[in-house]
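Visitor: Build out the structure end to end from the sequences listed, making use of the hints.
There are 4 protein chains.
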Amino acid sequence: MIVIIQCRDQVGLVAAISGELTHAKLNIISMDEYVDKANNRFFVRLDVEQTINKQQLEFELKQLLPDDAVITINPVPEKKVVVLVTKEYHCLADILVRNYFKTLSATVQAVIGNHTTLQDICVRFDIPFHYISHEQESKQHFENAIAQTIKGYNPDYVVLAKFMRILSPTFVAQFTMRLINIHHSFLPAFVGASPYRQAYERGVKLIGATAHFVTNDLDEGPIIAQQTIPVNHTFTTTDMVKAGREIETAVLAKALQLVFDDRVFVYKNKTVVFE
Amino acid sequence: MIVIIQCRDQVGLVAAISGELTHAKLNIISMDEYVDKANNRFFVRLDVEQTINKQQLEFELKQLLPDDAVITINPVPEKKVVVLVTKEYHCLADILVRNYFKTLSATVQAVIGNHTTLQDICVRFDIPFHYISHEQESKQHFENAIAQTIKGYNPDYVVLAKFMRILSPTFVAQFTMRLINIHHSFLPAFVGASPYRQAYERGVKLIGATAHFVTNDLDEGPIIAQQTIPVNHTFTTTDMVKAGREIETAVLAKALQLVFDDRVFVYKNKTVVFE
Amino acid sequence: MIVIIQCRDQVGLVAAISGELTHAKLNIISMDEYVDKANNRFFVRLDVEQTINKQQLEFELKQLLPDDAVITINPVPEKKVVVLVTKEYHCLADILVRNYFKTLSATVQAVIGNHTTLQDICVRFDIPFHYISHEQESKQHFENAIAQTIKGYNPDYVVLAKFMRILSPTFVAQFTMRLINIHHSFLPAFVGASPYRQAYERGVKLIGATAHFVTNDLDEGPIIAQQTIPVNHTFTTTDMVKAGREIETAVLAKALQLVFDDRVFVYKNKTVVFE
Amino acid sequence: MIVIIQCRDQVGLVAAISGELTHAKLNIISMDEYVDKANNRFFVRLDVEQTINKQQLEFELKQLLPDDAVITINPVPEKKVVVLVTKEYHCLADILVRNYFKTLSATVQAVIGNHTTLQDICVRFDIPFHYISHEQESKQHFENAIAQTIKGYNPDYVVLAKFMRILSPTFVAQFTMRLINIHHSFLPAFVGASPYRQAYERGVKLIGATAHFVTNDLDEGPIIAQQTIPVNHTFTTTDMVKAGREIETAVLAKALQLVFDDRVFVYKNKTVVFE
Numbered sequence: 039m040i041v042i043i044q045c046r047d048q049v050g051l052v053a054a055i056s057g058e059l060t061h062a063k064l065n066i067i068s069m070d071e072y073v074d075k076a077n078n079r080f081f082v083r084l085d086v087e088q089t090i091n092k093q094q095l096e097f098e099l100k101q102l103l104p105d106d107a108v109i110t111i112n113p114v115p116e117k118k119v120v121v122l123v124t125k126e127y128h129c130l131a132d133i134l135v136r137n138y139f140k141t142l143s144a145t146v147q148a149v150i151g152n153h154t155t156l157q158d159i160c161v162r163f164d165i166p167f168h169y170i171s172h173e174q175e176s177k178q179h180f181e182n183a184i185a186q187t188i189k190g191y192n193p194d195y196v197v198l199a200k201f202m203r204i205l206s207p208t209f210v211a212q213f214t215m216r217l218i219n220i221h222h223s224f225l226p227a228f229v230g231a232s233p234y235r236q237a238y239e240r241g242v243k244l245i246g247a248t249a250h251f252v253t254n255d256l257d258e259g260p261i262i263a264q265q266t267i268p269v270n271h272t273f274t275t276t277d278m279v280k281a282g283r284e285i286e287t288a289v290l291a292k293a294l295q296l297v298f299d300d301r302v303f304v305y306k307n308k309t310v311v312f313e
Numbered sequence: 039m040i041v042i043i044q045c046r047d048q049v050g051l052v053a054a055i056s057g058e059l060t061h062a063k064l065n066i067i068s069m070d071e072y073v074d075k076a077n078n079r080f081f082v083r084l085d086v087e088q089t090i091n092k093q094q095l096e097f098e099l100k101q102l103l104p105d106d107a108v109i110t111i112n113p114v115p116e117k118k119v120v121v122l123v124t125k126e127y128h129c130l131a132d133i134l135v136r137n138y139f140k141t142l143s144a145t146v147q148a149v150i151g152n153h154t155t156l157q158d159i160c161v162r163f164d165i166p167f168h169y170i171s172h173e174q175e176s177k178q179h180f181e182n183a184i185a186q187t188i189k190g191y192n193p194d195y196v197v198l199a200k201f202m203r204i205l206s207p208t209f210v211a212q213f214t215m216r217l218i219n220i221h222h223s224f225l226p227a228f229v230g231a232s233p234y235r236q237a238y239e240r241g242v243k244l245i246g247a248t249a250h251f252v253t254n255d256l257d258e259g260p261i262i263a264q265q266t267i268p269v270n271h272t273f274t275t276t277d278m279v280k281a282g283r284e285i286e287t288a289v290l291a292k293a294l295q296l297v298f299d300d301r302v303f304v305y306k307n308k309t310v311v312f313e
Numbered sequence: 039m040i041v042i043i044q045c046r047d048q049v050g051l052v053a054a055i056s057g058e059l060t061h062a063k064l065n066i067i068s069m070d071e072y073v074d075k076a077n078n079r080f081f082v083r084l085d086v087e088q089t090i091n092k093q094q095l096e097f098e099l100k101q102l103l104p105d106d107a108v109i110t111i112n113p114v115p116e117k118k119v120v121v122l123v124t125k126e127y128h129c130l131a132d133i134l135v136r137n138y139f140k141t142l143s144a145t146v147q148a149v150i151g152n153h154t155t156l157q158d159i160c161v162r163f164d165i166p167f168h169y170i171s172h173e174q175e176s177k178q179h180f181e182n183a184i185a186q187t188i189k190g191y192n193p194d195y196v197v198l199a200k201f202m203r204i205l206s207p208t209f210v211a212q213f214t215m216r217l218i219n220i221h222h223s224f225l226p227a228f229v230g231a232s233p234y235r236q237a238y239e240r241g242v243k244l245i246g247a248t249a250h251f252v253t254n255d256l257d258e259g260p261i262i263a264q265q266t267i268p269v270n271h272t273f274t275t276t277d278m279v280k281a282g283r284e285i286e287t288a289v290l291a292k293a294l295q296l297v298f299d300d301r302v303f304v305y306k307n308k309t310v311v312f313e
Numbered sequence: 039m040i041v042i043i044q045c046r047d048q049v050g051l052v053a054a055i056s057g058e059l060t061h062a063k064l065n066i067i068s069m070d071e072y073v074d075k076a077n078n079r080f081f082v083r084l085d086v087e088q089t090i091n092k093q094q095l096e097f098e099l100k101q102l103l104p105d106d107a108v109i110t111i112n113p114v115p116e117k118k119v120v121v122l123v124t125k126e127y128h129c130l131a132d133i134l135v136r137n138y139f140k141t142l143s144a145t146v147q148a149v150i151g152n153h154t155t156l157q158d159i160c161v162r163f164d165i166p167f168h169y170i171s172h173e174q175e176s177k178q179h180f181e182n183a184i185a186q187t188i189k190g191y192n193p194d195y196v197v198l199a200k201f202m203r204i205l206s207p208t209f210v211a212q213f214t215m216r217l218i219n220i221h222h223s224f225l226p227a228f229v230g231a232s233p234y235r236q237a238y239e240r241g242v243k244l245i246g247a248t249a250h251f252v253t254n255d256l257d258e259g260p261i262i263a264q265q266t267i268p269v270n271h272t273f274t275t276t277d278m279v280k281a282g283r284e285i286e287t288a289v290l291a292k293a294l295q296l297v298f299d300d301r302v303f304v305y306k307n308k309t310v311v312f313e
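Protein chains in written order, with this note's numbering: chain A, 39 to 313; chain B, 39 to 313; chain C, 39 to 313; chain D, 39 to 313.
No wet-lab data here; the hints were simulated from the structure. Warning: the hint list may mix true and false statements.
Copies of the same chain look alike in the list, so a pair counts if it works inside one copy or between any two.
The calculated lysine-lysine pairs, modelled on DSS-like cross-linking and capped at a C-alpha distance of 27 Å, are [what the hints assert, rightly or not]:
1) Lys63 to Lys100
2) Lys75 to Lys63
3) Lys118 to Lys280
4) Lys280 to Lys117
5) Lys280 to Lys306
6) Lys306 to Lys75
7) Lys92 to Lys75
8) Lys75 to Lys280
9) Lys306 to Lys100
10) Lys308 to Lys280
11) Lys280 to Lys100
12) Lys140 to Lys125
13) Lys292 to Lys280
14) Lys63 to Lys189
15) Lys117 to Lys100
This one's a predicted model, so the numbers in the text were calculated from it and none came from an experiment.
Guide: Listed below in structure tokens is the structure:
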């Protein structure tokens with residue numbers, strides 16, 4: 039059983055929490071704790087051997103903790119996700135394969151694409167595919183159609199797996215801290231369009247990818263995971279795109295694993311990640 | 039103030055320890071905890087804001103913990119070390135530079151070499167250099183001379199910074215878990231002599247280095263840190279040696295930092311490293 | 039058009055080859071050249087802008103080169119491969135996805151499994167799956183059945199994508215330098231069975247994977263690609279297996295890309311890889 | 039003997055160059071060649087076994103190559119360098135150690151500091167140290183004093199080893215493509231001041247360092263080498279600075295090795311690096 043707590047810091051929190059668990063005869067298998075001194079914020083993630091009455095434990099903990107404490111006991115072990123795509127296959131295929139072999143720590147409910155390119159692969163894996171073209175009356179219509187389709191599934195998270203349309207603040211506000219994006223650069227380098235072209239033109243020796251929560255500031259949300267790989271002068275923009283596929287797939291897979299295993303806290307614009 | 043505890047595992051240890059610290063009005067800045075389930079072993083490292091009477095806290099903790107508990111409160115913050123070398127300069131020079139600029143978390147008391155090659159660099163940094171040739175009556179004489187010289191300094195650790203003579207169990211037994219070696223391969227690959235030649239002949243695509251505590255079984259002691267770097271078909275044995283220098287220097291530096299900051303526990307033949 | 043040459047080294051080979059190409063009005067886009075001094079062996083890979091009459095160019099080059107020269111002009115651009123599997127899905131799924139999206143630089147003709155676990159995923163991608171159980175009269179029967187099935191497809195390469203049965207020298211001899219294996223360790227560390235268990239017991243701080251050609255000496259064939267990733271004391275054997283999946287998939291994918299793009303030469307027990 | 043050529047591309051360059059070398063009875067040990075298609079630019083670096091009359095070979099090659107060809111035969115094997123520093127020791131100490139042990143492929147002639155912090159380490163290695171304070175009448179006076187001191191040594195390269203003053207275009211213009219800087223971030227992320235603070239505030243999961251030639255556009259010159267290392271939420275700005283030291287030292291060391299071994303070409307704002 040996982041117990042997650044976030045609250046303002048004060049002396050004795052670890053003692054209070056672990057004392058309560060011991061009192062409830064619960065055995066702590068592992069415990070990750072972090073205090074953000076700059077923000078006076080306390081984060082803890084406990085893996086507890088036994089399962090117990092949630093209401094009771096939450097009630098007891100509330101007595102001991104600051105009144106702003108957010109306590110999550112035994113979060114949904116198998117998250118439900120909807121995936122948004124455009125034409126590029128690599129991140130989606132990786133997710134579908136892990137979903138099929140049950141190693142995603144989540145269940146893919148549906149895929150929404152603004153092109154039909156990736157419909158067939160979804161069909162092969164028996165995943166519903168919704169084609170919603172961006173060539174609609176307006177961007178608002180387009181986003182409404184997507185939002186309604188998503189809400190029909192009521193997912194825990196929405197994954198932008200190389201979804202190449204910019205989403206409006208109105209859309210984003212409907213899924214706060216539930217939208218996860220893979221950005222094809224080592225943010226904050228090469229923000230915006232065509233990062234591989236920018237990287238080529240700048241002559242960098244590394245390219246990277248960033249998985250992050252989506253907020254209103256495009257490409258500025260809390261970062262979950264990042265990686266880089268070496269490139270050199272022989273790489274054309276096309277070669278960088280190709281090499282980038284591998285790193286994008288790996289970074290998104292890692293970020294999803296962390297989020298789905300309840301290892302990622304968000305506070306202000308940063309994440310605390312207990313690996 | 040650092041508090042380190044190792045003991046057999048049982049329910050309630052975290053609660054007991056953190057409760058005692060809270061009771062003593064001590065604020066936990068960070069806490070790393072690990073339970074080795076296979077060996078039923080508990081390890082914890084606490085960084086506590088305040089400094090307190092050691093005897094009192096140790097006494098209180100002993101009441102709460104299993105009788106096999108090893109408790110270290112406020113370990114020597116600045117370790118004393120003696121370094122053993124042969125002819126290769128890279129690890130020693132890195133240690134001398136960090137020592138000089140006070141970023142080693144330790145003080146180098148002396149260097150012992152079985153060649154005089156590195157005497158001059160030590161002199162330049164005002165570090166005593168002891169030349170003890172291995173061309174003595176016997177290996178036993180050689181090792182006795184080294185052991186006596188080391189004991190004259192009473193160091194916390196002895197660092198084998200590319201010391202190229204094999205040490206006998208009798209020697210090793212005098213400095214249990216205080217001898218740290220850098221081995222020029224990714225152990226357990228290429229155990230023994232000339233690992234870069236072995237790597238070249240095998241045609242590997244990565245070479246590595248391993249920092250470990252020295253035990254009686256040569257190259258078999260608990261591993262503290264390891265890294266690898268890519269090589270390719272164009273690397274001769276000499277090129278691998280040259281590339282290896284960089285990785286050996288980096289791995290030993292990292293391992294020493296971890297040990298000197300009291301982040302490394304040893305149990306049986308493995309380490310627990312709280313980074 | 040790709041031109042590949044391997045022969046014993048002598049003065050003037052680059053001039054002779056590039057002179058002949060210039061004479062034939064061919065433009066060299068890129069050229070990778072390597073001389074193995076220890077073995078007096080010359081390797082070159084040229085990417086030429088134009089396509090030309092193969093027989094004529096090969097005839098001309100033969101006049102200029104040592105009589106042991108192996109010349110390959112315009113090798114099959116789309117290799118044919120048969121994949122052997124047992125129960126683990128990760129390498130196979132990655133290959134099937136790349137095959138489906140035409141980014142494998144090869145065509146998967148069929149999959150052979152000694153269990154039926156991976157039949158369904160093959161069916162979903164319209165790839166023939168042959169179930170050949172190892173529980174036959176004898177190992178010889180088992181291997182004969184596999185060899186016959188492979189030969190029915192006449193593939194360029196056979197990929198062992200986590201095929202967990204040891205193949206006999208008799209079998210291997212039928213597919214010299216056409217068998218590519220992914221080994222779940224950083225060879226030559228942890229040769230043999232259960233490398234992750236061995237890694238766990240030794241307490242290493244990195245685990246790795248190795249893609250190599252299969253020869254009669256088990257796990258001793260020429261290495262194509264290797265990578266490592268960090269692990270720590272919290273990793274159980276199961277955790278290492280899980281982390282290993284990612285690195286195995288990545289290393290095999292990279293090795294296949296290199297081989298299928300005609301970038302890998304083999305001489306004696308080592309590879310020359312032009313990346 | 040090293041031969042380096044850069045010129046506009048045309049058919050037959052490799053044949054012409056290698057033909058001339060063969061004609062001169064020179065044996066090519068290794069050859070790196072690259073054509074920048076976007077800019078129609080040809081680069082080649084040859085390592086030739088024999089040494090030969092430079093004037094004669096240069097004359098012969100000029101007949102065969104485009105008139106814009108820049109030919110360098112047998113460049114100075116041991117470069118002369120002047121190092122500029124402020125207070126941080128890590129890059130300078132690394133350079134001084136390699137210089138002392140003759141593994142720098144260059145000779146340090148002098149160090150110039152705008153503080154006296156690093157004078158003592160230079161004295162210990164018998165390297166002249168010039169203290170030139172930036173608290174002068176004007177920035178122009180400051181830069182003039184530095185430029186005059188540098189010119190007194192007539193170095194091949196000037197290394198900015200954590201020199202923390204911004205240099206004017208007038209200064210830079212006096213040492214075109216001879217100024218090498220280490221920037222404490224993965225450019226182009228976190229351009230400008232306090233990159234580690236910026237990295238901390240953005241919550242990135244990697245930090246990096248960039249070695250580059252200095253041009254008039256601050257932090258925008260051709261990149262020679264880059265690396266990144268993982269960080270996480272527990273890293274304060276101070277921790278990042280500390281971790282950054284290691285990567286800055288490694289990246290600058292690598293870049294200097296490449297430049298001093300004549301492996302780096304510059305064309306427009308990018309480098310071609312033959313590793």
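Visitor: For every hint, state whether the structure bears it out.
Guide: The hints, checked one at a time:
In the homo-oligomer, the alpha carbons of Lys63 and Lys100 lie at most 27 Å apart both inside one protomer (18 Å) and across protomers (22 Å), since each shortest distance falls under that limit. Proximity of Lys75 to Lys63 under the C-alpha cut-off of 27 Å is restricted to the inter-copy arrangement: shortest distance 18 Å between copies versus 31 Å within a copy. With identical chains, the CA atoms of Lys118 and Lys280 are at most 27 Å apart between copies only, with a shortest distance of 22 Å across copies and 30 Å within one. Taking the shortest alpha-carbon separations for Lys280 and Lys117, only the inter-copy value of 20 Å comes in at or below 27 Å, while the best intra-copy value is 30 Å.
Within a single copy, Lys280 and Lys306 get their C-alpha atoms only as close as 34 Å, which misses the 27 Å cut-off; across copies the closest is 25 Å, which meets it. Within a single copy, Lys306 and Lys75 get their C-alpha atoms as close as 14 Å, which meets the 27 Å cut-off; across copies the closest is 36 Å, which misses it. In this homomeric assembly, Lys92 and Lys75 come within 27 Å of each other (Cα to Cα) only across copies, at 26 Å, whereas the closest approach inside a single copy is 30 Å. In this assembly of identical chains, the alpha carbons of Lys75 and Lys280 lie at most 27 Å apart only when taken from different copies (19 Å versus 41 Å within one copy).
For a Cα distance limit of 27 Å, the shortest separation of Lys306 from Lys100 inside one copy, 23 Å, qualifies, whereas the shortest one across copies, 41 Å, does not. Within a single copy, Lys308 and Lys280 get their C-alpha atoms only as close as 30 Å, which misses the 27 Å cut-off; across copies the closest is 21 Å, which meets it. With identical chains, the CA atoms of Lys280 and Lys100 are never at most 27 Å apart, being 51 Å at best within one copy and 37 Å at best between copies. For a Cα distance limit of 27 Å, the shortest separation of Lys140 from Lys125 qualifies both inside one copy, at 25 Å, and across copies, at 14 Å.
In this assembly of identical chains, Lys292 and Lys280 lie within 27 Å of each other by CA distance both inside one copy and across copies; the values are 19 Å within and 12 Å between. Taking the shortest Cα distances, Lys63 and Lys189 never come within 27 Å of each other, neither inside one copy (40 Å) nor across copies (50 Å). For a Cα distance limit of 27 Å, the shortest separation of Lys117 from Lys100 inside one copy, 26 Å, qualifies, whereas the shortest one across copies, 44 Å, does not.
Violated hints, listed in ascending order, are 11, 14; each of the other numbered hints is respected by the structure.
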